[in-house]
Structure formats: structure tokens, C-alpha cells
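Undergrad: Produce the complete structure using the sequences and hints provided.
Chain by chain, the residues run as shown.
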Amino acid sequence: MIPPPARGDGENRASQSDAPLLPPSARSRAALGLTAAAALGAFKLQVCTSCKAVQYPAREACHVCLSIKLDWRPADGLGELIAETKIRHSHDPFFRERLPWRIGMVRLDAGPTAIAHLHGECGPAPTRVRLQTRLDKSGQGVLVAFPIDKAADMSDDQQLREMTSNPRSRKILVTDGDTASGEAIVHALVAAGAATVWVGHAQPVQKSARLEALRLIPQVILVALDATESDSVKVLAGEIATRTDILINNSEVHRALAPDSGIDFDLARTEIDVNYLGLMRLAREFGPGMRAHAGDGTAYILAWVNLLSVFALGNLPTRGTFSAAMAAASSLSQYLRAEMRPAGVRVINVFPGPIDDDWNQSLPAPKLVPAALAEAVVAALSDGVEDVYPGDVAQEWLARWEESRKVLEKELGIESESRGARDEDAQ
Amino acid sequence: MSISRALKSYGDTVITAPVTVPYVRHSLRSAHAFFACALADLLRTASLDKSDVDGLSIGSFTLAPDSAIGLTQHLGISPRWLDNIPLGGACGVVALRRALRAVQCGDAEIVACIGADTHQPDSFRETLGNFSVFARDAVLPYGAGGPNASFALLTDHYMRSYGAVREDFGKLCIAQRDNALGYPHALFKKKLTLDEYLNARPIADPLRLFDCVMPCAGAEGFLVMPQARAESLGLPFVRVLATSERHNPFPQDPIQMRGGWVLDRERLYQDAGIGPEDVDFVETYDDYPVMSLIQLEDLGFCAKGEGPEFVRRHTFTSDGSFPINTSGGQLSVGQAGCAAGFLGLVEAIRQLSDCNLAIPVPAARFGVAVGFGMITYDRGLSSGAAFLARADA
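These protein sequence lines map, in sequence, to chains A and B.
Read in this note's numbering, the first sequence has 176 at position 176, and its numbers run on one by one without any break.
Read in this note's numbering, the second sequence has 207 at position 207, and its numbers run on one by one without any break.
You may find that some hints are simply not true.
Unchecked claim - Cβ-to-Cβ under 7 Å is the rule here; a few derived chain A residues that face chain B:
| no. | residue |
| --- | --- |
| 1 | P24 |
| 2 | I82 |
| 3 | A83 |
| 4 | F95 |
| 5 | I103 |
| 6 | D109 |
| 7 | T113 |
| 8 | Q159 |
| 9 | R161 |
Said to hold, decoys possible - Here are the simulated distance ranges between beta carbons:
| no. | chain 1 | residue 1 | chain 2 | residue 2 | range |
| --- | --- | --- | --- | --- | --- |
| 10 | B | D319 | A | L21 | 26 to 32 Å |
| 11 | B | L209 | A | E239 | 48 to 54 Å |
| 12 | A | P126 | B | R365 | 43 to 49 Å |
| 13 | B | K50 | A | P126 | 55 to 61 Å |
Claimed, not checked - A few chain A residues that don't get close to chain B, going by computed Cβ distances all over 12 Å:
| no. | residue |
| --- | --- |
| 14 | L40 |
| 15 | H91 |
| 16 | G104 |
| 17 | A125 |
| 18 | D136 |
| 19 | R215 |
| 20 | L412 |
I should point out that these hints are in silico values taken from the structure, not numbers from a laboratory.
C-beta atoms are modelled at their ideal positions from N, C-alpha and C, and glycine is treated no differently.
TA: Laid out in C-alpha cells, this is it:
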């Protein structure tokens with residue numbers, strides 16, 4: 001999907017960026033459970049379903065009763081830092097460039113001993129700590145020990161910055177500023193300390209009070225960008241891709257279908273063009289430049305955020321073609337993630353439920369207010385997760401989906417029918 | 001601690017022909033070459049032919065993808081007993097105790113035990129990446145400091161728990177260097193001062209350069225055979241009084257403060273028929289000086305936590321009080337992979353059979369060689385010990 005980076009452009013430092021360094025990423029299949037938890041920002045430990053013994057490092061069999069039925073379950077991560085060291089010599093090129101590097105040994109209250117990265121505020125040993133998961137630059141889950149009494153801002157830590165994409169002092173593109181969620185995201189990024197926010201707009205600025213207002217923010221630069229036009233995406237990418245630290249793709253279109261109205265082919269085509277092909281155009285034009293930029297050695301991880309929808313998990317019939325377009329975009333984002341991983345660029349997918357904006361006026365509450373969505377985006381960048389399900393509706397859908405995709409599908413079909421009936425009653 | 005039944009003594013089965021293939025920092029040769037040199041040296045020393053050696057036990061990290069069986073074809077030998085001991089620093093002691101039983105029971109008459117590894121500039125990093133599943137999943141991604149980082153954690157904990165200071169470890173390292181100055185195969189040939197030790201390049205706090213071994217290439221070996229055979233060959237030999245191996249002891253300990261020796265020392269002294277006070281020297285497994293202290297404690301030369309006090313009481317040189325690592329130990333000779341698991345054993349054989357290359361311990365009758373290895377996650381999993389005696393002791 002992403003062609004190799006262009007060479008010879010003075011701005012584009014591709015030549016030194018072909019092989020950005022990543023920490024060791026090889027893991028056993030069992031250990032990927034930690035990565036799966038970290039992708040959601042959760043802390044989980046492997047627990048034996050038979051004897052409840054907690055395991056670490058991840059195993060294929062319980063070290064107590066030899067059962068092979070081990071589950072990853074949420075845990076509090078509390079424990080004691082019993083030993084620490086500052087590594088000043090490493091065998092790995094990624095760490096060699098980042099020495100010294102602090103690690104420690106943590107005896108978890110749950111039993112096992114874990115080796116963990118140490119937050120700068122941790123220690124000296126012995127002291128109580130809380131382990132959390134993070135994704136490291138290779139995209140794999142790792143353990144980080146934090147002090148128990150959380151200081152106001154933990155993010156300004158050299159080692160933590162190697163695992164996260166805090167928006168502070170970053171240059172960020174928001175692909176569509178002319179929506180309620182786009183506007184909220186821009187405000188949240190500016191509040192989080194973004195240095196520059198390029199705000200895309202498909203329409204002339206003069207036609208939008210929202211864009212006129214955003215233009216007054218000093219950090220904001222309005223840029224013409226129509227995700228449905230390849231040339232438009234290409235022109236902007238040529239100007240800013242190799243300087244973009246974070247790309248937030250929030251271009252979307254959808255409209256509720258009237259009950260029993262059948263398939264609206266034109267709407268479906270537009271949804272595919274914006275939600276799915278729009279992502280593909282952005283990936284094709286911005287991917288090479290951002291991959292090249294990722295090798296420049298900045299501390300923060302470059303990030304690419306896709307605003308998707310929880311309807312990508314299961315089709316909501318009243319948003320049938322929109323759900324399908326988002327499912328396609330969700331699948332495409334995994335492809336993008338695989339292509340960006342070797343460069344250490346993190347792809348974050350946000351799966352909200354209905355947002356309280358112009359598109360969803362006909363949907364009943366609860367809806368996610370745009371400011372909450374924007375906060376979730378900033379938190380995802382700062383915490384270094386990969387998948388975000390902001391708000392109660394999204395969390396509930398996720399839980400239902402994890403429990404049984406098939407049951408969710410059936411429920412959605414029935415809910416949709418009864419909702420259709422309710423809508424008719426109201427008329 | 002329960003002692004099941006008394007172990008059968010090793011009787012008239014003895015060890016002889018200690019050999020060392022001199023260490024080099026890096027080598028273009030593969031491990032096979034070091035095994036060949038060691039075997040040739042053993043045959044030359046004992047005036048034997050290849051066909052006389054009917055048993056082979058090896059330890060190596062860098063022989064892969066070959067193992068002992070591939071080596072038989074490579075070296076053109078046809079043993080009737082073959083063992084491959086993948087236990088790193090414990091492979092010497094474990095090879096010894098298995099070979100002793102094989103010879104004693106007649107499965108083989110002469111077993112060659114060899115630890116050998118090559119070392120190329122990048123081979124250590126490769127060994128680290130392939131060392132264990134736990135290391136790959138849960139250690140390497142945390143700074144990739146290798147064993148230095150792991151033992152830095154253990155050292156940090158030990159120092160805080162028992163009041164050891166850097167000078168204590170320094171004293172051990174300096175004494176071993178003094179011993180190494182009398183041993184021709186040591187890679188380090190300059191005296192070490194406390195000032196140099198304390199101010200050396202930091203590696204992983206609290207460890208500095210001279211707390212860490214230098215990886216290198218080389219081999220060590222010896223032969224196990226019936227005493228009558230050794231005598232007919234005119235070979236000086238050493239008796240084995242007791243041995244132990246223990247794997248993954250104390251899994252509930254939050255961090256390694258002791259090894260399997262704690263579980264085995266009572267039986268070791270009982271089988272050997274001697275006490276700690278009778279031991280004339282100890283070859284500890286000194287991959288890091290903290291491990292020497294832990295081994296001295298666990299083998300009963302002082303109580304747990306009294307290591308630092310013990311260090312302050314002795315000189316540890318071959319001509320002084322409580323000699324340890326009389327050829328210099330790994331810290332001064334170098335760590336040639338699995339050969340490090342044989343280094344102390346080979347030196348102990350030399351000390352007790354008047355084959356000294358290093359400074360002799362005066363009137364030494366009993367010596368202990370310690371094995372320790374395989375830090376697959378947060379601790380060394382394998383520990384072993386061999387109690388050796390002069391032939392006439």
C-alpha cells in the first residue's frame with residue numbers, strides 16, 4: 001500500500017531513515033497476551049483457570065498444577081520494587097542510542113517477579129510501585145513501573161516518551177476541521193500543547209463559521225484537503241508529510257437510513273470514498289513521508305490516528321452501509337499498521353459509538369460528546385495504546401463483541417427492528 | 001531437609017588429564033575447532049588414541065546447530081556413550097558426575113569431558129537473543145543489558161540486604177587477578193588496583209567493567225577413567241568425594257539470594273567425609289563477584305549474609321588465607337562460554353595432582369569446584385558442586 005520513500009528531497013531525510021531502530025520485538029505466542037492487553041491500555045496477568053496461580057513470564061502451562069488452560073485477567077499491578085539498575089551498556093542498537101536506561105525487578109503482590117522499565121519518579125528500591133502495560137516502539141507490550149503516588153504529570157519521562165506520542169510540541173494534521181469532532185480534536189490538541197495543528201478543509205473557509213473560528217488559534221494552519229481527491233492529498237503530503245508527527249484521520253461521512261428505505265447506493269459509494277478510500281489515499285501519500293520522518297530519532301513515537309466507529313465491529317442495520325465502510329476501513333488500518341510498524345509509527349484506531357454531532361441527530365442518547373471523543377484521542381496518544389473504545393456505548397459494544405460476535409450480530413438485528421418500530425410510533 | 005539414601009561413592013573412578021585450549025578474545029574458528037584441539041590435547045596428555053576414548057560429554061553454546069552427535073562425525077570418533085549438557089556454567093560439574101557413573105557402571109571406560117565455545121564480535125548478542133523463551137519475552141525488551149543487567153539487579157539487592165560495599169567485591173577481583181598473574185592462559189596479565197576497580201567504566205549500576213567477565217573463545221577438558229587405567233597410563237589423578245546438581249531451587253524466592261547448594265551441602269559434606277574447615281581452596285563460579293559470596297555462604301564457609309565480613313577476613317590469594325579461583329577465575333582468565341563451566345574444575349584437578357600451571361596452594365588436599373548457570377529469566381537455575389581430593393588424601 002505504501003511505496004518506498006522518495007529520495008533526494010532536502011526536507012525528506014529518507015536516506016538516514018530506511019531502517020529506524022526498534023527494541024527487540026520477538027515474542028512467544030503466549031507472551032502476545034501482554035501485548036493484547038497493552039493495546040487497550042489494560043494491565044492483565046496470566047492466571048491458571050484450574051488452580052488460580054498467577055504466572056509471569058507468560059507460559060504455556062501452569063507452573064503449579066500443569067494445567068494448560070491459562071487466561072489473561074485484569075490485575076492491579078501492585079508490587080514492590082526490590083532491585084534496580086541503570087543499564088549503561090546494551091547489546092541492542094535501539095537501547096544503545098538511549099543509554100542509560102533504568103529497569104527494576106518488581107515482586108508483584110499477586111506472586112511472580114517481573115522485570116520492568118522504571119519510570120523516572122520510581123525508586124530508590126525498596127519501594128511500592130504499580131506496574132502498567134505500555135506498547136513499546138516495536139508495538140509489543142512491555143511492563144512499566146510507576147510510583148504509587150502518581151505525580152501530576154507522569155508523561156514527561158524520557159523512557160516513557162519512547163513508548164508514547166504525547167501531542168505536546170508536536171506537529172499534527174487533523175484531516176477534517178469542519179466537523180464537530182474535528183473542531184473538538186483541534187481544541188484538545190492545542191490545549192495539550194501541540195506546536196502546530198494543520199487543519200484540513202474540503203470546502204472554502206469562508207463558508208464555515210467553524211473554520212473561521214479555528215483560524216484564529218495561533219497554532220492552527222488551515223490547509224486545503226479533500227480526502228476524496230487524490231491530487232489534493234498528494235499536494236498536501238508533498239508539503240508536510242515529512243514533518244508530520246501525528247496524523248489524525250477524522251474524515252468521515254454517514255447518514256441514517258430511513259427504515260425500510262432499501263440501499264442508498266450513492267450514499268454507500270460516498271461512504272466508501274471518504275471512510276475507506278480516503279484512508280487509503282492518506283496512507284499512500286502520507287505513509288512514505290511519515291515513515292521517513294520516524295527515523296529522524298525524535299523521542300516521541302510518531303502516530304497515525306484513525307477515527308473509525310464501533311459499528312465496524314458489528315453491523316448496525318440503521319447505519320448498514322456506513323458500518324460496512326467502517327469495517328473496511330478498520331481492516332485497512334490493520335494493513336497500514338503492519339506497514340508502519342517497522343518504522344516505529346504507531347497506528348491508533350478510535351472506535352466511538354454514536355457521536356453527538358450533525359451526522360447523528362436522529363439517533364437517541366447516549367451519544368458521545370465531541371469533547372469527550374477529543375479527550376480520548378489525546379489520552380490515547382499520551383498513553384500509547386493502539387485501540388480505543390471511548391464512552392459507555394463503545395465499551396458496552398466491545399464487551400458484547402468480545403463475549404460473542406454472533407450474539408452481538410443477532411441482537412443488533414433485533415434492536416434495529418424494534419428501534420424502527422419505535423421511530424414509527426413516534427411519527 | 002530429607003536425605004533419601006546414602007549415595008554410592010565414586011570408588012575407584014577418578015579424573016585426570018586437565019587440559020586448556022588457550023583462550024583468545026575473538027576467533028574465526030567455530031566451536032568444533034576448539035573441541036578438536038581439546039580432544040587432541042587430552043589424547044596427547046594421556047597417550048591415548050581416539051578409539052580409546054569411548055565416551056564423550058560436551059557443553060557448548062556456539063556449536064549449534066550441531067550438538068554432541070554432530071561432533072562425533074566431525075571429529076571422526078565412535079563413542080558408545082554420549083552426553084550433551086546444555087547447562088552453561090553448571091555443565092562441567094554435571095558432565096563430571098554423569099561421566100563418573102557411566103565409567104563406574106561400565107557403560108564407558110574413558111570419558112572425555114569438554115566445554116568449548118568460540119567467540120566472534122557479534123556472537124554474544126546472538127546467544128542472548130536465542131537463550132530462552134523467558135529471556136526473549138520478558139528480559140531482552142527491557143534494555144537488552146544481558147547478564148550484566150540481570151546480575152546488576154542481584155548485586156544491588158545483595159548489597160542492600162547484607163551491607164556489602166563495592167570494596168568487598170573489589171577485594172575478590174584484585175585477589176583473583178593476583179592469582180591470574182601466575183597463570184599463563186589468563187587473558188588479563190596486568191595487576192588490578194582498587195582504584196582501577198572502583199573507577200572503571202560503569203556497565204549496569206552498581207556493576208563496573210571489572211565486575212564483568214570478558215567473553216572469549218577457548219576450551220577446557222578432562223578425562224574420567226578407572227583409577228587402574230590412570231595408573232597404567234602413568235597419569236596423576238584426583239578422587240571425587242561428592243558432587244551435586246540442583247535445578248530451579250527455591251522458585252518462591254522473590255529474587256535470587258541463594259542457590260541449590262543450600263539444599264545439597266549437608267549431603268555433600270556427609271558424602272565427602274570432611275567439613276568446611278578441611279577445604280583448602282574453592283573454585284567458585286565467579287561470573288560476577290556477588291555469586292562468589294553467595295556460593296561461599298551457601299556452601300557453609302560462612303553464614304548467609306556474612307559474605308562481606310568473610311571477605312574482609314581473608315586474602316583469597318593462592319599463597320594466603322582461603323584461596324579462591326587459584327588460576328584467576330573467569331574474571332581474570334576470561335569466559336569462554338561453556339568452558340567457563342569447566343575452568344574451576346580443571347584448575348582444581350591441577351592443584352590436587354601437582355600439574356600446576358598457576359601458583360600452587362601449599363599442601364592442598366581438598367578442593368571444591370562450583371558450577372552455576374542458566375539465567376533463563378531472573379536467576380541462575382542450575383547449581384552444582386564437586387568435592388575433590390588428592391589421590392593420597
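Undergrad: All the hints need checking, so say for each whether the structure fits it.
TA: Against the structure, the hints come out as follows:
1. P24: Constraint on A/P24 satisfied, holds at 5 Å.
2. I82: holds (5 Å)
3. A83: With Cβ-Cβ at 4 Å, under 7 Å, it holds.
4. F95: holds (5 Å)
5. I103: With Cβ-Cβ at 5 Å, under 7 Å, it holds.
6. D109: violated (11 Å)
7. T113: holds (5 Å)
8. Q159: At 9 Å from the nearest chain B Cβ, A/Q159 fails the 7 Å test, so the hint is violated.
9. R161: violated (16 Å)
10. B/D319 to A/L21: 26 to 32 Å: For B/D319 and A/L21 the Cβ distance comes to about 51 Å; the hint is violated.
11. B/L209 to A/E239: 48 to 54 Å: Holds, at about 50 Å.
12. A/P126 to B/R365: 43 to 49 Å: Given a distance of about 44 Å, which is inside 43 to 49 Å, the answer is holds.
13. B/K50 to A/P126: 55 to 61 Å: Holds - the Cβ-Cβ distance for B/K50 and A/P126, about 57 Å, lies within 55 to 61 Å.
14. L40: holds (19 Å)
15. H91: Given a closest Cβ separation of 4 Å, the condition is violated.
16. G104: violated (7 Å)
17. A125: violated (7 Å)
18. D136: The claim breaks: A/D136 does not keep its Cβ more than 12 Å from every Cβ of chain B (closest is about 6 Å).
19. R215: holds (45 Å)
20. L412: holds (38 Å)
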